[in-house]
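Asker: Read off the chains here:
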Amino acid sequence: MNDLRDGRLNRREFLEGAAALGLACPRGAAAQPAGGTLTYASTALPPSIEPHMQGLDIWQQRKPLIYENLIWVDEALDAKPELAETWEQRSPTEYVFHLRRGVRFHDGKELDAEDVKYTYDRVRDPKVSPGANDLLVIKSIDVPDAHTVRVVLHAPAATFLINLGGKYNGVVPAGSAGDGRALLTRAIGTGPFSVEEFDPSRRLVLKRHAAYWGRTKPALERVVFQAIPDESSIVAGLRTGQVTMAQFGSAPSFRVAKSVATLQTIQAPSTRWVVLDLAGDMEPTSKIEVRQAITLAIDRAAILQIAGAGLGQRLGVLPPGMKSWALPWQELPNAQRDVARARALLQKAGYTGRVSMKIRNIVGFPALAATLPVIVDNLREAGIDVQVETVDGGVWIKDWIVPQSPPTMNEWGGFVDPDQAFHRHFHSAPGGKDFRRWNNKKADELLDAGRATLERARRKQIYDQVQRLMAEDPITIPLYSPDLLYAMQKSVKGFTPHPTGFLYGLRWVSL
Amino acid sequence: MRSSIPVSAVADSGTAAAPNRSLARGPLFAGACVALLVVVAVGLFAGLLAPFSPTAIDAAHVFQGPSPRHPFGTDRFGRDLLSRVVFGVRVSLGIASASIAVALVVGGGLGLLAGLGRGADQVLGRVMDVFLAFPPVLLAIGIAAVLGAGGGTAVVAIAVVYAPLFFRVVRASVLAESAQAYVEAARALGLGRLAILVSHILPNVVSPIVVQTAVCLSYGILIESALSYLGLGVQPPTPSWGTILNEGKEFLAQAPWVSLFPGAAIMLAVLAFNVIGDGLRDALDPRSAVG
Amino acid sequence: MALTLLGVSLLIFAMIRSVPGTVVEQLLGQAAIASPEVLAAFRRFFGLDRPAHVQYLEWVASVLRGDFGVSWLSGRPVLALFLERVPVSAELAVLAVAWSLLIGIPLGTASAVWRGGVRDGAIRVVATLGLSLPAFWQGTVLILLFSIYLGWMPSLEWVPFTRHPAANLLTMALPTLTLGTATAATITRMARSTMLDTLGREYVRTARAKGLPERRVTFHHALRNALIPVVTVAGVQLGYIVGGIVVVEDVFTLPGVGRLLLDAIFQRDYPVVQGVILLLAAAFMVLNLVVDLFYAVLDPRLRRG
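Residue numbers (the numbering used here), protein chains in the order written: chain G, 1 to 511; chain F, 512 to 802; chain D, 803 to 1107.
Stretch by stretch, here's where chain F covers chain G in the computed footprint (C-beta under 8 Å, at least three residues):
| no. | region |
| --- | --- |
| 1 | 222-234 |
| 2 | 242-254 |
| 3 | 359-366 |
| 4 | 386-393 |
Interface residues of chain G toward chain D, partial, derived using beta-carbon atoms under 7 Å:
| no. | residue |
| --- | --- |
| 5 | PRO47 |
| 6 | SER48 |
| 7 | GLY55 |
| 8 | PRO126 |
| 9 | SER201 |
| 10 | ILE397 |
| 11 | ILE401 |
Keeping only pairs whose Cα atoms sit at most 30 Å apart, straight-line, the calculated DSSO-like set for lysine-lysine is:
| no. | chain 1 | residue 1 | chain 2 | residue 2 |
| --- | --- | --- | --- | --- |
| 12 | G | LYS442 | G | LYS348 |
| 13 | G | LYS490 | F | LYS760 |
| 14 | G | LYS258 | G | LYS323 |
| 15 | G | LYS127 | G | LYS398 |
| 16 | G | LYS80 | G | LYS217 |
| 17 | G | LYS358 | F | LYS760 |
| 18 | F | LYS760 | G | LYS258 |
| 19 | G | LYS323 | G | LYS460 |
| 20 | G | LYS442 | G | LYS358 |
Worth flagging that the hints you see were computed from the coordinates, not collected in a lab.
No experiment lies behind these values; they were computed from the predicted model shown.
Glycine is no exception: its CB is placed at the ideal position from the N, C-alpha and C atoms.
Next comes chain G alone, as it looks inside the complex (with noise of 0.2 Å):
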């Protein structure tokens, strides 16, 4: 909320914003004049609309408008009631959650516990949804009463809640998924919009839930997700006025936004950020001297100038949006652009003529794309030659899950705690799935204790070392984080950003 430095809102209108969002009390008592048919642009859709399987972006954005869960995390990322009205920890392992009444699903339906227990047990079946790695410390799932859920753990998880209210989650009435293909394309949720009509090469059509159980109901009539295949036509319609609203992915067509003075522009931080991801295993990167030399050879304020278009962060480890716990990048060693000593590195690892090494791209991240060129030549300057492989997403799938990727620009995102960014990524098997190949046992030590620590001092001051650690020795190089880029007319009012990029505050916008 305090970030948002470049946003052209003035303080009233953030006020108001704030207000209709409701900090405090998510549900504000503002009454908002309704109506109105809000146009977002973007160059893609998301392929199918069902809740608990799809990780892409571009759907987890769209989701809030029409799952709700349990909990909710807030801008600051911490956990917030949503459809539980209040909850509480009976023990280290035991939590209970009292649901709202009166909920309404789009289908008319009243929400009741045997609903939330049939979403949270389809979420935790590994072979339903990828969001079961995030509920396996779940144990069982109970229903005391029609408007109460028990839910036993196996251990203390300092991120259960948090988890609850996890990308893959969004409460469904029970049964509703059938044989597994029915929430594909036909979408029953609680949230204030419900679909209305849904194309994945054209548009997703949102109409206003006219049940919604909240004090405030959304003042839009419809959303209308709208597919512009590119962003310079994205400018345009938002120049005629045809778009309403849109977020950017390159920072060259937002500051062209920037300059129609029928637009205001929004720019805050947000949780993704861009990496190059080493090979632990392969020559060259699995030498620790080649790594850190890697690290020191890329210019990373040329990559966030270039590449960003300076419309985002420099970062260390962790992204800026995660601020609560993320160290700055000033305090983390290896920073620095550094040519000679990267090359004097080289020669400790042994290697004398020029290195040779091979970075995999993925196809269809513009900014991976416009990252690598810059690291080519910075890392030719130090006598790193890189021969460039571009795959498809599935060969990246492929390979990363064995795991058995060469060094690969990825760009990551979406954690909202130190948890689900790191364990997985790098912990070793089979607590985590360690992609990079890492196998540091120090790390694992300190992912656990962060892991089973319920305190936030404590966990903060684990995931410092962490931090600290993935720094000096590098298995990931983080190289920016774009900032979160919303353009959008004049009228809209109200509009917050949430640093996943999911898009909560679309919910009770008005125009």
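Put chains F and D on the given structure of chain G with help from the hints.
Answerer: Relative to chain G, chains F and D alone:
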């Protein structure tokens, strides 16, 4: 990007009845040949001609408009676009030539085979028909998608698209020549198949092949640029004209020069090949003279 | 034709399956790395775990029954999706061909009549230039010119001609221009050469000798005969224009068959990719057949042969 046209349909330009050939053989043709020679020379001596390295980053000079220092301007990485377009000649022309050469050898070879033997003709004709049933661009994109992005991929994709055309030309020419009186005479004289092929048929097949090659080279450049434009051709930071266009499309509004110069380069190269193809057809292909 | 279609079906079936990745990875995105179980479950869900020949035979059998299957993502029948998108692409193709005929025939005829002159030279250069423009680049430059510099933007949603003719034509203007450029160039060149050819023929010379005015000779006698091959080329181009349609629909974001196909390829929606390509190939062949018949009607010599 352009759809290709069946060979039979391209047989236009001047005819016997039209005394005018001056344009095709005259200044335009000469100009096109000179332009092509210049382009090839630029490709060969790119290292000497380019003022900068085509991949050197210069964060302090991004998106500079055309100036004496950077006649074509710079891109988002501060790279000199003149140097990139100059080095792009090698990639774009290289891939187009390599792929058409492969198409010529494979398609032409099979065409010879089909023209000579009936059994082979049946099978090969069917297979080629299947390939010809696909619009060329789509087929190339499909093949490139299967093989994964890269320069080699582009060569294979373009070759597969145009091999059937060479197949058709060569097969038709062989069949036509085989039916000629002199070939029958040679056969009557007891000359072997191979001897007839080498001494009588091949020389007559050469001219349509030369014409077809020139025309296909222009398509080759267009498809290479299309594949690179879609990110399926050579991989960055290596410059090809299509890759530069791809990198420029995002910045059309604030840096149109990034897209305009490589686009113009493609257009000129393709134009040169088209004009040369026309001229060659008029000069070499006796059939087009009959209409 | 049936045999060729069978070949096409086999080729496209094999090709789309050789493209790395499946609908599963597209659906899951980065989440696919979450667990191998989810991947396996999804593969079973879409029947991707069954042997390829079984999948192929089932598909061919259902196509023979007239059932092209349903999209894996939107759940809608492939045939319905195709038919819904056809009007956009068909209009684009017809407009482009009409435009190129309207431009190409007069230009080509004029060029032939002015043969050897400066005007002939200019037309020929322009026509060759038209053949040399990459469509995606031309489209991009047109968009740049119109939307960014002139602030003009067609409506986001495509409107059928029947509902709003003006809006429809406005939206279609630039795409039509882009798609038709190469065809117009080809037709100009073709019209010129056939015109030159017929102008030199005996019956034209006879007409001229009879003292008919040159204008009448050109338009009445020569042009009519010269039109035959031109129309053929236009027909053949109509088929080849399909490739251009995909590009142009992508550049101008028109909701036609080309976009449907590109999206489906991108999302590995096999039923849609296979069905649409098969339908397109069939349409392509039927068009060629129609052109052949048309040609036979126009040219009596062929009817006997």
